[in-house]
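Chain residues, written in single-letter form:
Protein chains: 2
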Amino acid sequence: MTEILNGNCLVAQSGGPTSVINSSLAGVITEALNHECIEEIYGGLNGVQGILQEQLVDLASETQQNIRGLRYTPGAALGTCRYKLKSEADFERVLQVFEAHNIRFFFYAGGNDSQDTADKISKLAQKKGYALRVIGVPKTIDNDLVTTDHTPGYGSVIKHISTTIREVACDNSGMGQHDLVQVVEVMGRSAGWIAAGASLAKYKDDPNSAPHLIYLPEVPFSKEKYIEDVTRVLKKEKFCLVVVGEGLVDADGNYVSTDSTSADAFGHSQLGGAGEYLRSLAEENLSVKARSIKLGMAQRAAVNCASKADSDEAFMAGQAAVKAAVEGKTDQMVILVRGEGDTYACETALAPLSEIANGVKLLPESWINEDGVSMNYNFIKYALPLIQGEVEVPFENGMPQYIELKKIYADKQLPAYTLNS
Amino acid sequence: MTEILNGNCLVAQSGGPTSVINSSLAGVITEALNHECIEEIYGGLNGVQGILQEQLVDLASETQQNIRGLRYTPGAALGTCRYKLKSEADFERVLQVFEAHNIRFFFYAGGNDSQDTADKISKLAQKKGYALRVIGVPKTIDNDLVTTDHTPGYGSVIKHISTTIREVACDNSGMGQHDLVQVVEVMGRSAGWIAAGASLAKYKDDPNSAPHLIYLPEVPFSKEKYIEDVTRVLKKEKFCLVVVGEGLVDADGNYVSTDSTSADAFGHSQLGGAGEYLRSLAEENLSVKARSIKLGMAQRAAVNCASKADSDEAFMAGQAAVKAAVEGKTDQMVILVRGEGDTYACETALAPLSEIANGVKLLPESWINEDGVSMNYNFIKYALPLIQGEVEVPFENGMPQYIELKKIYADKQLPAYTLNS
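Here the protein sequences come in this chain order: H and R.
Per my numbering, the first sequence starts with residue 1, numbered consecutively.
Per my numbering, the second sequence starts with residue 1001, numbered consecutively.
Wrong hints could be hidden among the right ones.
Partner residues are not named here, just some residues of chain R that face chain H (Cβ under 10 Å, in silico) [what the hints assert, rightly or not]: (1) 1030; (2) 1087; (3) 1090; (4) 1126; (5) 1204; (6) 1208; (7) 1395; (8) 1408.
What the hints contain is simulated information worked out from the structure, not anything from laboratory work.
For glycine and all other residues, C-beta sits at the position ideal for the given N, C-alpha and C.
Sequences are here, hints too, so could you generate the full structure?
Below you can see the structure in the form of C-alpha cells.
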C-alpha cells in the first residue's frame, strides 16, 4: 500500500517555452485540486532560479478563467530559466525552500537538462531523509527526449510550420513565370525533428508539392548537392521551397551560415544563419530570385495554429504527473506511449528521470529518403497524428486574448539567497 | 440611361499576392453570375502576361466549393505577374485577345502599377472604338493606394503580424532574467504602413507591452538613437521587442542592412537585411542576447490568421467592380470609403484609374509619436477596425485545405505571341 504523504505541491517550468507548456501547467493544477493530500498549490517563478529566491505564487487563488486560459496562452506563464543548479549550496537551498513551505510534491516541466536537475533534487532529498516526490513533465519542441514516443510541444511547432509552408506555397506558386527559391529556416539545434515535420505540408496526392527539399542537421550539407537539388526541382516546378534546420552542418561538423566566423558572447557559434546562407547560395549560383523566411521564436509560440492533440496530451501529462506522485511514485518523468492499433491512441506511463537526463532521441535514419532531402512514409505515419485538431484561441476586438496569471506571492520564510552568476 | 453592353468578362490578378486577393476574385465571379449582359466569365492566368498569351480559363465551370474556397485560399489563384506591358504591340495584342473572345468587361486586381496598366488598356480601347469597360479592384498589403481609405490585403497582414507579436511577447516575457532583444522584420518597401500596424499588438491598458519600438521607413534611422531606445526599454522591461520595416533607410536614404553592398541581379539593393542588422547592432553594442524573426512572404499568405473584415471588404470590392461596369462605368478603380459615424462602416465608391496610377499614399506623419518609434491614437483608430473578425479556414487531417482551380482553358483563337524579355 502506498504511504500517504500530506503537504504542498510546487510546479515550475524550465527551458525554452512551447505553445503548450501552459497546458501541462493547467493539467497539474486541475489534478492537484482533486487530491486531499495536496494542500497548497504553489508555482515557482522562473524555474529553479525563482525557487532559490523563494518566489512562490499561490496557484489555487487564480481564477478559473485563468486556468482555462492557460490552455491557449503561449510562453511559460510562470516564467522559465536556463539557470543550472551548480553548487552544493544551490541544491541545499532548494531543499530549504521546500522544507520552509512544506513542499512534498514537485513537478518540473522541461527538457533533458531540467529533468536532470529534478533528478538531482530528488536524490538529495532521499539522502537527507526529506520526504519528497518528484515527477517530471516532458516539454520541448525539439522532440529529443528518450523513452517517450514524442514530446508535448513538438506537434504544435510542426503544425504551425507545415501550415505556413502550405500558405507560402499558395502564394509562391501563383507568382508567375519567374523561378523562385523560397528558403524557410526552422529551429532544431542538433536534431532534424522539426525540419522533418515540415514534410506534413506536402499534399498526399501531389509528390511535387512543397516542401521540395528538406535539409536536416543529420545529413552533412554539401553546397554542390544543394545546387543540384534546387536545379532538379526548378526543372519541374515554378518554384522550389526549401526547409532548413538551423543546426545544419557541413561534412566537418561546422555550422553552415553566411558568417561562420561570428560567435556569441559566450563563444558559441551564432546559429540562425543557415536559411540566409542557402538563399544567397541559390541566388548567386543559379541566377534565380531567392527569398528567405526565418520563423525564429514565433514558431514555438504560434498557439493560433497549435495542435489540439498536442495541447490535450500536454494537459494529460500534467495530470498524470500529479496522479503518479499521489500514488507514491517519485524520480520519474511522465512519458507518452503510443498504442499498438491502427488508430492512434496515446497513454501516459513513467520512466526514470536519470534515463531521460542522459539520452537524446535522434531522428531515425531509416525515416529519411535516400535523396537525403525528404521524409518517407514511416515519418509521416509517426508525425501526422500529432498535429490533429486545432486549438481554439478566443479573439476580442480583432486580437487574441491571452491570459496573465495574477501571481499572488506566498510569504517568504527564509533570508535572501545570492545566485551564482 | 446606361447603354446596355453585352459580352464576356475577364478578371485577372497582378503583383504580389495578399491573403484576400482571391476573395476579390470570388466577389467578381459571384456578382458576374447575377448579370445577364455578362455571358462567359473568363479568368486570365498570370495577369497581363497570360492575357498576351491568350491563357484564358472558364471560371463559370468551377465548382461552387472552389468559388467558396477562394475566400480562404491564400496566393493568387489565377496567378499574377510583374510583367509590364511595354510596347505598342503589347497593348494592341491585349485588345486583339479581348476582341477574339468578345471581352467587354475587364477587371484587374492589383496595386498602382497594375491600375496604370488597366488605365492604358482602357484608353487604347476608347481610341480604337472598341466598347470595353475597365474597372480596377484594389489590392496590396502595402496600403499605399491613394483615394481609397485602405486597401484589401492590409488588414490581414497587420492582423497576422500583431498576433505573432503578442505570441512572441508571451514567449519572451516568460524567458526569465536575461535581457533579450527580439527583432521582427516585416514588409514595406517605401512606406511604414505594415510596420505601423504592428502597434495593434500593444495591450491598451499596458503601454509597456510589446512592440516596444517600431522603426519605420519614414523616419531616418540613427544607430545611436536605436541603441538609446533599446537601452531605455531594457531598463523597464525584461525584453525589448523591435519591429522594423524592410525598407528602413538612414539619413542619406541608403537601405539599412548587414551588407549594404549587396545588390540583386538587376542592381537593386537587396532588401531584407534590416532585421538582422538591428539584431546584430543590439548584440554587439549592448551585450544582450538578441534574436530575429523574418516573416517574409509568410506574412501576406497567413490566411489562418487573416481578418474577416478585410476578406469581406475584398469580396465586396470584387462585387462592386462588376456592378459598376454593368452600370456603364469604366476607367475607374473601386475604392473603400469609411463612414463618418463613431461605429466603423465601409462602403465602396469609384475613383479614376489615372489618379490611382500616379499616387502613393504615405503614412501621415502626425500619426507617429514624437519618439519616432511608436504610433499614436489616430493610427490605432484608423487601423483597429480593419483587423476585426477571423477568417475560418477548414482543416482536414490536421492541415488547412486550400483549393486549386480546375482551370479549364478557353480555346485559343489567335496565333501565338512572343513576349518581350
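The hints, checked one at a time:
1. 1030: Where the cut-off is 10 Å and the nearest Cβ of chain H is about 20 Å from residue 1030 of chain R, the hint is violated.
2. 1087: 18 Å, violated
3. 1090: Violated, because the Cβ-Cβ distance from residue 1090 of chain R to chain H comes to roughly 15 Å (cut-off 10 Å).
4. 1126: 29 Å, violated
5. 1204: Check passed: Cβ of residue 1204 of chain R comes within 9 Å of chain H, closer than 10 Å.
6. 1208: Since the shortest Cβ distance to chain H is 13 Å, the answer is violated.
7. 1395: 6 Å, holds
8. 1408: 18 Å, violated
Violated hints for the displayed structure, listed by number in ascending order: 1, 2, 3, 4, 6, 8.
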